[in-house]
Structure formats: structure tokens, C-alpha cells
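Read top to bottom, the protein sequences are chains U and V.
46 is the number that the working numbering gives to position 46 of the first sequence; each next residue is one higher, with no gaps.
104 is the number that the working numbering gives to position 16 of the second sequence; each next residue is one higher, with no gaps.
Hints in this document: simulated from the structure, not taken from any laboratory.
Using N, Cα and C, we set each Cβ at its ideal position, and we do this for glycine too.
Treat the hints with care, as some may be off.
To be verified - To spell it out: a stretch of chain V is covered by chain U in this simulated footprint if at least three of its residues, at any positions, have a beta carbon under 8 Å from a beta carbon of chain U; those stretches are:
#	stretch
1	121-129
2	149-158
Stated by the list, open to error - Cβ pair distances, simulated, as ranges:
#	chain 1	residue 1	chain 2	residue 2	range
3	V	Ile-92	U	Phe-56	15 to 23 Å
4	U	Thr-30	V	Leu-158	26 to 34 Å
5	V	Ile-174	U	Val-64	31 to 39 Å
6	V	Arg-170	U	Ala-9	36 to 44 Å
7	V	Arg-170	U	Phe-26	20 to 28 Å
Unchecked claim - Distance condition first, Cα-Cα at most 25 Å in a straight line; then the derived DMTMM-like pairs of lysine to aspartate or glutamate:
#	chain 1	residue 1	chain 2	residue 2
8	V	Lys-178	V	Asp-116
9	V	Lys-149	U	Asp-57
10	V	Lys-126	U	Asp-57
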Amino acid sequence: MSMTFLELAAVAMLLIGMALSALRLFIGPTTPDRVVAADTLAVITTAGLAGLASLFDNPVYLDVALVYGTLAFVGTVAIARAIEGDRE
Amino acid sequence: MSMIGDIFLVIGGVVIAIGGLGLLRMPDVYNRLQAGTKTATLGAMSVLLGIGLHHPDWWAKLLVIAGFILFTNPVGSSTIARAARISGVKPWRVESKQETD
Chain U
1 MSMTFLELAA VAMLLIGMAL SALRLFIGPT TPDRVVAADT LAVITTAGLA
51 GLASLFDNPV YLDVALVYGT LAFVGTVAIA RAIEGDRE
Chain V
89 MSMIGDIFLV IGGVVIAIGG LGLLRMPDVY NRLQAGTKTA TLGAMSVLLG
139 IGLHHPDWWA KLLVIAGFIL FTNPVGSSTI ARAARISGVK PWRVESKQET
189 D
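In isolation and in its complexed conformation, chain V is listed as follows:
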């Protein structure tokens, strides 16, 4: 059981590291929002599941934290995307087409 929890912890860590890499490499605010938010949510879920397999008597608080992340992270990311759109950030295009607008 502890071994399975360790494997879930490593999976969550790898997903979070890939999300950080995408946050650094993507060309635009909207792409960075996708890369950062989704991978951070999935990685946090996997890490919390791994901790729940290590300590089965903490399941209530871990479930509250997981549900909270699942509710608030999409709301926060859509609020950021809406704010960026309203404040005038243009979506990224290929360089040759960018001079037409």
C-alpha cells in the first residue's frame, strides 16, 4: 500500500514538473494558462491520492482539499483569462500573419 502511494506521489510530481515546463515554454498568456492550470490540478490530485494511501485516516481533510482545488482552480483560471482578454492581450499567432491586424 505504501509502495502504491509512493508511485502516485512520483506521478503527481512528474505531472507538476511538466506543467512548470509548459508554463515556461508556451508563447502566450492563454496557452500558459492551459498548461499551468490543468497540469497543476491533475498533479495535485495525484499527490493527494498518494498521501491518502500513506495515511488512510486523513481521508476527510484530503477530500476537502481535493474538492476545493477542483472547484476553485477552473474558476480562478477563467477569471484570469477573462481579465487578460478584457485588458487587451491579443491571442498569439504565427509571426507572418501577425502584422495584418
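Okay, chain U solo, but in the shape it has when bound:
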């Protein structure tokens, strides 16, 4: 559970990236902007869950990361298809 300085810096950088993506998710003017931000946030969260596995020394978080990535991809494609169809 102890972290070196470099690991702490990496976690801080991941949190900065997540905060900027979440800001775009909140203020995004159109719906595709929010979908892009949600997709980026999901990939960053997958990497962060793998980092959590390393931090807690418990490989079960890798399974969580894999399932989260799968569900986020399915959700992104579903929302994109819904945006695509509403002009018909």
C-alpha cells in the first residue's frame, strides 16, 4: 500500500486527465461532445482500475477493468447509434 513519489505523480496525472474529461462531459455544447468525453473517461478509468490492482496487490481488479471496458464500449456504440438515427 506504500507508494513512491513517482507512483503518486502518476496517480495525480491520471486524476488531472479524468477531471478535464469530466469538465468537458459537463460543459460540452452538443451531445457528440459528451459522448467523446465519456468514451475518453472510460478508457482512463480502465487504466486507473489496473493501477488500483497494482496498488492493492490484488489481481481481481484486472477482471473488473476488463468488464468495465467491455460495458463502456457497448454503451458508447449504443449512444452513437442513437444519435445517428434521430435525424430520420
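Let chain U serve as the given structure and place chain V on it in line with the hints.
The following block gives chain V in isolation, referenced to the frame of chain U:
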């Protein structure tokens, strides 16, 4: 070995933070898509490589996660770009030329 893993973790974190900055600063949906998706993919690869250097016996699951991100992220981003194009989002232009269309 652990030191090299830490360096890879920091590189991945910096790339992801720059990607978030690009997602916030770019003027258009398509530019934001480029900035967000590519940097998030590269940063996630670097973070997973750093974790693999910390725990060498987890390489199988880490390889599965990395391959999954490498396969699904371009597919998702191209689907979003296609949906934005079909639903009528115009590409960004310089302000003076924008009134001609």
C-alpha cells in the same frame, strides 16, 4: 525493474493529462475526438506496461486488457465520428470563412 515501471506509469499519466487538456481546448467535435482517443490509448498502453513491469506474473490479463483497448477504441471513435457527421455537425472552420456556407 520497479523504477522503470514507475517511469512508464508517469509517462502514461502525463500523456493522459495532455489528452484531457486537448479534449478541453480543441474547437470541434472531430478535433476533440482525435485529441481524446489517441492520447488515451497511448497513455493506457504505457500505464499497463508499467504495471506489467511491477507485477510480471500478471502479463496474461494485462495483455488481454491492452489488446481489448487497442481493438475497441478506434472502433468506438470512428462510430462516434460517423454519428456526428450523419447527425449534421459541421467541421470547424476559421470564423471569417464560416458565414459562406
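How the hints compare with the structure:
no.	hint	in the structure
1	121-129	holds (count 5)
2	149-158	holds (count 6)
3	Ile-92/V to Phe-56/U: 15 to 23 Å	holds (21 Å)
4	Thr-30/U to Leu-158/V: 26 to 34 Å	holds (28 Å)
5	Ile-174/V to Val-64/U: 31 to 39 Å	holds (34 Å)
6	Arg-170/V to Ala-9/U: 36 to 44 Å	holds (38 Å)
7	Arg-170/V to Phe-26/U: 20 to 28 Å	holds (25 Å)
8	Lys-178/V to Asp-116/V	holds (9 Å)
9	Lys-149/V to Asp-57/U	holds (14 Å)
10	Lys-126/V to Asp-57/U	violated (29 Å)
Checked against the numbered hints listed earlier, the structure breaks hint 10 alone; every other hint is satisfied.
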